[in-house]
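Asks: In the working numbering, the protein residues as written are 118 to 215.
Please note that the accuracy of each hint is not assured.
As the list claims (entries may be wrong) - Cβ pair distances, simulated, as ranges:
#: 1; residue 1: K195; residue 2: F140; range: 54 to 62 Å
#: 2; residue 1: S146; residue 2: R184; range: 51 to 59 Å
#: 3; residue 1: I169; residue 2: A138; range: 22 to 30 Å
#: 4; residue 1: G180; residue 2: V144; range: 40 to 48 Å
#: 5; residue 1: S196; residue 2: A127; range: 40 to 48 Å
#: 6; residue 1: E200; residue 2: Y130; range: 45 to 53 Å
#: 7; residue 1: G162; residue 2: T182; range: 26 to 34 Å
#: 8; residue 1: S142; residue 2: L164; range: 15 to 23 Å
Bear in mind the hints are in silico, worked out from the structure with no lab data behind them.
For glycine and all other residues, C-beta sits at the position ideal for the given N, C-alpha and C.
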Amino acid sequence: MGMIFICISAFLYGTRYIAAAIFGSNVSSWNKEMYEAMLSYVGRGPLILSIISLTIGILCFMGPTIRRWHEQDLRKIKSNWREFDQPNDKRRVQKIKR
Numbered sequence: 118m119g120m121i122f123i124c125i126s127a128f129l130y131g132t133r134y135i136a137a138a139i140f141g142s143n144v145s146s147w148n149k150e151m152y153e154a155m156l157s158y159v160g161r162g163p164l165i166l167s168i169i170s171l172t173i174g175i176l177c178f179m180g181p182t183i184r185r186w187h188e189q190d191l192r193k194i195k196s197n198w199r200e201f202d203q204p205n206d207k208r209r210v211q212k213i214k215r
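Start from the sequences, fold in the hints, and give me the full structure.
Replies: If you want it as structure tokens, here you go:
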């Protein structure tokens with residue numbers, strides 16, 4: 118799933134530059150300023166969407182790893198909780214039984 122989002126991100130990132138080149142295909146002379154102007158006509162939409170898609174893709178890759186870490190920590194917390202929750206005093210046990 119994460120790889121799909123990363124591929125979408127790469128596609129959107131490249132689409133921005135290809136769209137600017139297609140937009141300026143009728144121009145007889147090319148220079149840096151003209152190409153930057155064409156990029157501004159395309160807008161920041163593909164760039165922003167590619168960043169969002171890349172972030173989602175990375176989170177999809179990292180999600181199971183992070184979840185495993187949290188599950189291990191939760192198991193440790195539960196075992197420690199049971200250890201400290203056990204009654205040590207017989208009077209306390211009798212009070213709990215009543």
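Asks: Against each hint, give a clear statement of whether it holds in the structure.
Replies: Right, here's what the structure says about each hint:
no. : hint                      : in the structure
1   : K195 <-> F140: 54 to 62 Å : holds (60 Å)
2   : S146 <-> R184: 51 to 59 Å : holds (55 Å)
3   : I169 <-> A138: 22 to 30 Å : holds (24 Å)
4   : G180 <-> V144: 40 to 48 Å : holds (45 Å)
5   : S196 <-> A127: 40 to 48 Å : holds (44 Å)
6   : E200 <-> Y130: 45 to 53 Å : holds (52 Å)
7   : G162 <-> T182: 26 to 34 Å : holds (32 Å)
8   : S142 <-> L164: 15 to 23 Å : holds (21 Å)
Of the numbered hints listed earlier, not one is contradicted by the structure.
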